[in-house]
Amino acid sequence: MSEFGFLDFNLVPLLPEVFLALSAMGFLLIGVSFGDEARRVIPWYALLALLMTGVLVSQVSFDDAIVLGGMFKADAYSGFVKLLIIGGVMATLGLSMRYLEQEHIDQMEFYVLVLLASVGMMFMVSAVNLLSLYMALELQSLSLYVLAAFNRQSPRAAEAGVKYFALGGLASGMMLFGISLIYGFTGSLDFGTLTASMMVMQPVPFAVIFGLVFLLAGLAFKLSAAPFHMWTPDVYEGAPTAVTALFAMVPKLAALALLMRILFEPFAYLVPQWEQIIIFLAVMSMIVGAFGAIAQSNIKRLIAYSSIGHIGYALIGVAAASEGGINAVLLHMLIYMAMTAGTFAVIMAMRRGGRSVERIDDLAGLSRSQPILAYALGILMFSMAGVPPFAGFFGKLMIFQAAIGAELYALAIFGVVASVVAAYYYLRIVKVMFFDEAVLMLDLNVLSGPQRFILACSVAFVLFFILSPSAFIDSTQLAAAALFPGR
Amino acid sequence: MDVIAVFAPFFAFVLAGLLNRQIGDRGCQIVTCVGLLIAAAASIKLFLDFALGDQMPYVRVLAEWVAVGDFKVSWALRVDMLSVVMMNVITIVSSCVHIYSVGYMSHDEAKGRFMAYLSLFTFAMLMLVSADNLLQLFFGWEGVGLASYLLIGFWNEKHSANAAAQKAFIVNRIGDFGLTLGIFTIFLVFGSIEFETIFANVADQAETAFVFFGHEFHALTLIGLLLFIGATGKSAQLGLHVWLPDAMEGPTPVSALIHAATMVTAGVFLLARFSPVYEYAPFALAVVTVVGALTAFIAATIGLTQFDIKRVIAYSTMSQLGYMFFALGVSAYGAAMFHLMTHAFFKALLFLGAGSVIHALSGEQDMRKMGGIWKKIPVTYVLMWIGSLALAGVPFFAGYYSKDIMLEAAWARDTGVAHFAYWLGIAAAFMTAFYSWRLLFMTFHGKPRASAEVMHHVHESPPVMLVPLFVLALGALMAGAVFYQPFVGSAGGHEASAAHHTEPAHESPERWNRQAFWGPAIQVRPGNDTLEVAHNVADWVKRMPTVVGVLGIVLAFVMYILQPRLPGRMKEIFSAPHTLFYNKWFWDEIYQFVLVRPALLLGRMLSLGDRKVIDAVGPDGGARASGKIATALSHFQSGYIFQYAFVMMMALVAVLSWFAFRMG
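Those sequence lines, one after another, are chains A and B. Each residue of the first sequence is one higher than the one before, counting from 1 in our numbering. Each residue of the second sequence is one higher than the one before, counting from 1001 in our numbering.
Note that these hints are calculated values from the structure, not bench results. Beta carbons are placed, not taken as given, at the ideal position from N, Cα and C, and that holds for glycine. Heads up, some of the hints might be wrong.
Unchecked claim - Here are the computed lysine-lysine pairs in the DSS-like style, where the Cα-Cα straight-line distance is at most 30 angstroms: (1) Lys1447(B) x Lys1571(B); (2) Lys1369(B) x Lys1571(B); (3) Lys1375(B) x Lys1447(B); (4) Lys1369(B) x Lys431(A); (5) Lys1167(B) x Lys1376(B); (6) Lys1111(B) x Lys1376(B); (7) Lys1376(B) x Lys431(A); (8) Lys1571(B) x Lys1628(B); (9) Lys1111(B) x Lys1072(B); (10) Lys431(A) x Lys1628(B); (11) Lys1158(B) x Lys1369(B); (12) Lys1167(B) x Lys431(A); (13) Lys1612(B) x Lys1628(B); (14) Lys1369(B) x Lys1111(B); (15) Lys1612(B) x Lys431(A).
What the hints assert, rightly or not - Derived coverage of chain B by chain A (criterion: at least 3 residues anywhere in the stretch with Cβ under 8 angstroms from a Cβ of chain A; other residues may be distant): (16) 1060-1068; (17) 1628-1636.
With the hints as constraints, model all of the structure from the sequences given.
Below you can see the structure in the form of C-alpha cells.
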C-alpha cells in the first residue's frame, strides 16, 4: 500500500467488478432509452456481461493484491468464489428468462438489479475491511430487497419484500453495532491490523467477543442460518420463483465466503470462542432444516428449509476450523448450487393451465406424464439427501470427514442423523412423483431451451461427479489454501 | 482402436436405452447390432496388430478417477494379448448373439430394452477385461453381474425368472465378498491396486505373511484364495454353482452370451490375469486344481440325467469351466485361455442351436417331448452336430485341441493333485460325449413325442438367426487348429511332438509361438511351465481323451438309438447314483437346509425383536417424534414480522448470555 491511501489507484484487480458495475449502469441507460425494444436483448447482454466478467476474474492474477487503500483483496480464494457466484447468477438468468415472460414481469430492471447484486457479492468476498464489507453487503442486500418484491402485482411478493427488508434492516443494525464495538476496542477496521491487535491482546476484551457475536448474528441472517432463518420460508414462497432461485443459490455462498474470511483472517486467534457460535448455528440449522421441512406442502418452502439444512452442514465444515474444512465447505456449496439450479428448473416446469403451481402434490404422476423430468428431479432429490453415488453424497462426506478430523465427533454424528431425517422429505417427493396418481396433469413442454440446458447440466453434474471428483476438489483445495497463507 | 472396441457397445446401450421410444424397436436393434459389429471389427484389428504386427502391450489412460492420498486410480485400458483375446471372444460372440436376438426375440414386447441390456453387458464385460486396476475390474465385474441379473429376470412376469435372477445375484454376492476382501488384501500388501505395481512387486512379497482373523497367512496364498472365491461365484464352480442352472430362466441368447461364452469365464480371466501372483502361491493353485476337477466331474454327472435341454448344456458349461480351472491350477494359463476361446464358440453355438430348437417347437424345453425333428430343421441339426463334436473333443474340431492340451498339462504337472484332476477330467470327458449325444438323439431322433399341433409348426429358423450360427460354427470348426500354435504351442524344438495335431496350414508369423504371443501378459515361473512338458507326455495320455470321447458317443448311440429301453433299465439298476445325479447332488436341498432355513428362522426371530424393541424406540418412535417437532417448529413460523424479529433478538441475547456466563 502506498502512503497516499485512497490515491493508490491500481485498478487491475478490480477490473471484473468495475466492468460488471459499468455494464449494469449501461443496461439501465439502454433500457431507459429504448424501452420495450431492449427487453428482448438485455437478458442476453446480461449473460454476455457476466461471461466477460468471469473471463476477467479468471485472468486477473491472484497475487494477493490489496487495493483501494486496504479495502479490497484479490486472491485465489476470492477468485474461485467469484467464479462460482458468476456461474450461479448466469444459471439463474438462464432459468429466469422464460419464467419472467410467463409471469409478465420481464422488465429489464430485473437484470440490472441482479447484476448490481452480483457486483455487491463480488465485493463481499474480496472485502478485507469491515467498512468495505458492510458497503458491499448493503449493495447486495438492497438489490435483493427490491428483487424479492419484484412482482408488484402480487401481494405475497410485496409481503415477502417488506419482511425481508424489515428483518434485513434489523440484521444490518446488529452488524453495524458489532462492527462499532470491535472498532471501539481495537481501533481498527482493517483485517490485517485487526489480526495483529488480536494477537497482542490476550485475553481479548469481552466487548470484542460481543462485537463478534453481533457481527455473526447479522451474517447468520444473510446465510439464513437458524435461529436467524425466520424470513427464509416466507420470502422463498412469496418471491417470484426466479428470485427464489437466485436467493437459494448465490447470496448464501457470498455470505458464507465472507464469513469464512472474517473468521479465518482477523479472528483467527479467537477460534475457541467463535467455534461455539458456529456449532450452535450449525446444530440449530440442521434441526430446523430437517424437521421444519417435514410439515411443508409447498415445494418452495420445502427448498427453503432444505437450504437452511444445507447451510447447517456447511457450518460444520466452518466449525472444523481447518483447511480441509474450508475445502469441504466450498465443494459442498458448489455441489449444492448445481443441485439447486436443476431443482428450480423443475419447479419452473410446474405449471398447469399456464399458471405456476407450487404444491408438492402437484407433482403426482409426473413419472408417467413427463418421465424425463421425473427422473431428473428424482436424481436431484437423491443427491440432496446425500445418497451415493451422486454428487451430494461427496459434499457431505467431505464435511463430516473434516469434522472428524477436527475431533468434532458429536457434531458429525448429529449431521448424519439430521441428514437421515432430511432424507425423508426428499424421498417423499420421489414417492409422490412415482407412486401417487395424478389428479390433474401438469402442462407439457413448459421449459425453454436454456432451462432444459441448465437442468441437463445439473443432472449430468450430479450423476457424473463420481467419475472425476478430483477435477473439482483440486480447485476448491487451491482456493481453501489461499485462506491459510504460510500455514 | 481399443477405445472404439470398448465404448461402441456403451454408446449403443445409451442410445438404445435412453432413446428407446424415439428410435423404436427396429432402431434399437440396428443401433446395438451396428455398435457391436464396429466393436468386433476394432477388436479383430487389434488382434491382428498384436498377433501379426509388432504391436507392444500398452496402457491407455483415459482419465484420472480417484486420488485420495496414496490411493490413485485411473480409468485406463490395459491392452495386451490377454485382454485382446478376451475382447475378441466377447465382441464376436456378442455380435452373433445380438443379431440372433433380432430373430429370437421377434415375438417379444420389450425388444429395445433387451438389446440395450445386451449392449450394457458387453460394455461391462469389456471394461472388466481391459481394466488396468482392480477397482475398474470390480466395476466391470459388478456391471456384468447387474446385466446378468437384469437379463435372467428379463421375463419379469414369470415368478421363476425373478427367483432365479435373485438367486444369481445373491450367490454372486458371496463370491464378490471374497473378491473385495482380495482387493483389500492386495492394497494392504502392495499399497496399490494397479496391475503394473502389483505384478512388478510380486517377487518381493513372496515371503510376506499377513494376519487375517488372528492367524498368520502367507500373503500371496491368501490373495490367491480370496480372488478364487470371487472367481468361484462368477464362474459357477462347485459350492457357488447353484445359480447357473437356474439362470437358464433367461432368454436363450442370454444363456449363450452370458452364461456360456463370456461372463462365466470372467473368473478364468481373473486368475489368468493374476498369473504372476498365483505363480508364487502353490497352495492356492492346488486348491484351484481340486475344485476345478471336482466341478468338471460333478457337473458332468448331473448333466447325464437332466431332461431340460438348456440345463444339460448349462451343466456342460459348468463342467467345461471346471476344466479351465484345473488347467489354471497346473499353471497352464495359455491352455485355459485356449479352451475359454474355443468353448465360447462351440458353447454359444450349442446354446443358440438349442434356442433354435426351442423356437421351432414353440417354446418347449423338455427333451422328453422332442424327438424326430431332424428332417424338419436340417440346418440346426447339422450345426448342433458340429457344436457337440467340438464339445466332445472329437479330433480336428476346436474342443479336441483345447481339451487335450489341458488334460496333457494336468498329467505333465506330475503331482498327486494334478493326476487326480487328469483322471476326473477323463471321466468327465467320457460323460460329456455321452450326454451330448443323448441330447442330440433325444432331441432330433426317434419318434416325435411332441403333440401333433406343435409338430405341425416345426420350422427352420429365419436367416437372421442362422447366419450368426454359421459364424460360430466356423469358430467351432477352425479355432482349435488355427490358434493351437500361438495359444499353447511349443516354443520351438518340440514341433515333432505336437505333430499329431495338424499344424496351421499357412506360414507361421513371427509371433506365432506361445511365449512371444502372450508376451508379459501371462507369467509362468521356470519349472512350472507345464505346457512345455505337456507336448512330451506319453502317447496314451494324449489319446485317452479322444478314446473315451468316442466311447461315450458309441454308448449313447447304443442306449438311445439301438436299445431305447436300456436307459430305463439302467436307471433301475443304478437307482442310487441316478437319484443323486438327477437331484444335482442335493446341493440346493443342502443349502436350503443348512443355510436358508436357519437364516430365515433367525431373521424372523430378529425381526420380531426388531419391530417390538428397536423400531418402536428408534425409527418408528423417531418418526413420530419428528412429526411432533415439525408441528412445534411450524408454530414459530407465524408470518408476523415482530415475532420473527423477537426470535432473532432472543437468539442473540441467548448467545451473548452464554458468553457472559462462560467468561464472566
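* Against the structure, test the hints numbered earlier, and report the numbers of the ones violated in rising order. => 4, 5, 7, 8, 9
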